[in-house]
Amino acid sequence: MTALEREAEVREKLGDNAPSISASTFHPWVWEGAKSLWRSRHYREAVTAAARKINAEAQNRLKRRDLSETKLFQEALSASAPAVGKPRLRIVPDDGSDTYKSTQRGVMAFAEGCFAAIRNPNSHEDGLPELPEHEALEQLAALSLLARWIEGATVETVS
Numbered sequence: 081m082t083a084l085e086r087e088a089e090v091r092e093k094l095g096d097n098a099p100s101i102s103a104s105t106f107h108p109w110v111w112e113g114a115k116s117l118w119r120s121r122h123y124r125e126a127v128t129a130a131a132r133k134i135n136a137e138a139q140n141r142l143k144r145r146d147l148s149e150t151k152l153f154q155e156a157l158s159a160s161a162p163a164v165g166k167p168r169l170r171i172v173p174d175d176g177s178d179t180y181k182s183t184q185r186g187v188m189a190f191a192e193g194c195f196a197a198i199r200n201p202n203s204h205e206d207g208l209p210e211l212p213e214h215e216a217l218e219q220l221a222a223l224s225l226l227a228r229w230i231e232g233a234t235v236e237t238v239s
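Our numbering puts the first residue of the sequence shown at 81, with every later residue one more than the last.
Some hints here could point you the wrong way.
[Unchecked claim] List of simulated lysine-lysine pairs, DSS-like, C-alpha gap at most 30 Å:
(1) K115 with K143
(2) K143 with K133
(3) K133 with K151
These are computed hints drawn from the structure, not numbers from a lab.
These numbers were taken from a predicted model, which means no experiment stands behind them.
Please model the complete structure; the sequences and the hints are all you need to start from.
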């Protein structure tokens, strides 16, 4: 107990009292998808598994198997009205406001970025070196935020 108190005091006095993040607090889709690979130090594969899990859960929420990843999120997060067989995810209620429009556009761009810059290189580039642990953790954090938005969104459909 004394060692822990002393460590906290040293961090505080030396200015390194930065917040920390634990992967176990990430969205369950992300951590459950990544955990086993992470523990065996396969960081790049763990990140890829987390991205795949988000894709699968989004497909489940939307009842869509015809699209995946970037195309799925572009369509699902479009600000346009849903169509038959093309439901939309609404991050915030569609009140026609600039806030609604910018939130939808921003989350769609974020989802595109996560799949284009995180998932795709990790999945499609052969011979990439293993990700450093801290970089993989940052990528999981980005995916966790996306997962929270997707799970918390309202699914808007047309009959």
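Now the hints, each set against the structure:
Annotation: proposed proximity of K115 to K143 holds, straight-line Cα distance about 26 Å (limit 30 Å). In summary, the hint linking K143 to K133 is supported, as the alpha carbons are separated by about 15 Å, within the 30 Å threshold. Taking the CA atoms of K133 and K151, the gap is about 16 Å. The hint holds against a cut of 30 Å.
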